[in-house]
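**Q** Sequence:
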Amino acid sequence: MPADPTALPEEHTAGGPKRRGRPASLAGAAVRGARRGRDGVRSALGVIADRIIATAPRIPVRDLATLRAQFPGLTPEELADKLVVGASAGTATVGAGVGAAAMLPVPPAMAAELVAEVAGVASIEIKLIAELHEVYGRRPTGSGTQRATAYLTSWTQERGIDIAKPASLNVALGGPTRRELRQQVMKRTLRNLPNLTPFLVGAAVGAFLNRRDTRKLADKIRADLRRHQIPWDTLPDAPTA
Numbered sequence: 009m010p011a012d013p014t015a016l017p018e019e020h021t022a023g024g025p026k027r028r029g030r031p032a033s034l035a036g037a038a039v040r041g042a043r044r045g046r047d048g049v050r051s052a053l054g055v056i057a058d059r060i061i062a063t064a065p066r067i068p069v070r071d072l073a074t075l076r077a078q079f080p081g082l083t084p085e086e087l088a089d090k091l092v093v094g095a096s097a098g099t100a101t102v103g104a105g106v107g108a109a110a111m112l113p114v115p116p117a118m119a120a121e122l123v124a125e126v127a128g129v130a131s132i133e134i135k136l137i138a139e140l141h142e143v144y145g146r147r148p149t150g151s152g153t154q155r156a157t158a159y160l161t162s163w164t165q166e167r168g169i170d171i172a173k174p175a176s177l178n179v180a181l182g183g184p185t186r187r188e189l190r191q192q193v194m195k196r197t198l199r200n201l202p203n204l205t206p207f208l209v210g211a212a213v214g215a216f217l218n219r220r221d222t223r224k225l226a227d228k229i230r231a232d233l234r235r236h237q238i239p240w241d242t243l244p245d246a247p248t249a
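Count along the sequence shown from 1, then add 8; that gives the number in this note's numbering.
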């Protein structure tokens, strides 16, 4: 208390509450805004993850026989190189298209464009991973849905599938397994968000970044697959993928 009881502190005067209350209200609004932003990001990641999980079993994958017929006379490494070049060109095209749309005076539905880019790039990269497993003789066992889940898991972890551990592959998209897979896809997508600069820099850099990231992913997968590669002449006959 002041020495003079009639001399109240500044915050007790008529104008005081406004000076104290305004920063407090701004801080509260900032906290609420940050919370809404965090919830919005989580919700967006969930939408993207659900789109990727739903799309994965429908991605067309060429088996080894089809790939060798389309690219005759190539060695496994040469064929893998062809697949990486094609996939990198595909993701670059997606990045360029979204980047160009973002640079328009009025960007059209950027939230929808974001979902489309991430899901589109994921589909191309999952297809690449599946066909690289074919090329290196490492196709996982199981049904089409189980293989799609395995390839999707390989994409989230950026690692090749260890077909020596069949228990890790015999999973279905249901119950706790689906929830766990959804969390993995959301984390993988979150790692990619800093790379979505096409929305800020335009088509050319967007294409470059997507092409670079797809090549980096392919290098990691191929390094894993080479360690346990099965030569083509020792592969048993397998049904069409």
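In case anyone wonders, no lab produced these hints; they're calculated from the structure.
Because the structure is a prediction, the values reported are computed rather than measured.
Do not take every clue at face value.
Here are the simulated DSBU-like cross-link-like pairs (lysine-lysine), alpha carbons at most 35 Å apart as the crow flies [stated by the list, open to error]:
(1) Lys90 x Lys224
(2) Lys224 x Lys195
(3) Lys195 x Lys90
(4) Lys228 x Lys90
(5) Lys195 x Lys228
**Q** Now look at each hint and say whether the structure bears it out.
**A** Now for the hints, and whether the structure bears them out:
no.	hint	verdict
1	Lys90 x Lys224	15 Å, holds
2	Lys224 x Lys195	18 Å, holds
3	Lys195 x Lys90	29 Å, holds
4	Lys228 x Lys90	16 Å, holds
5	Lys195 x Lys228	18 Å, holds
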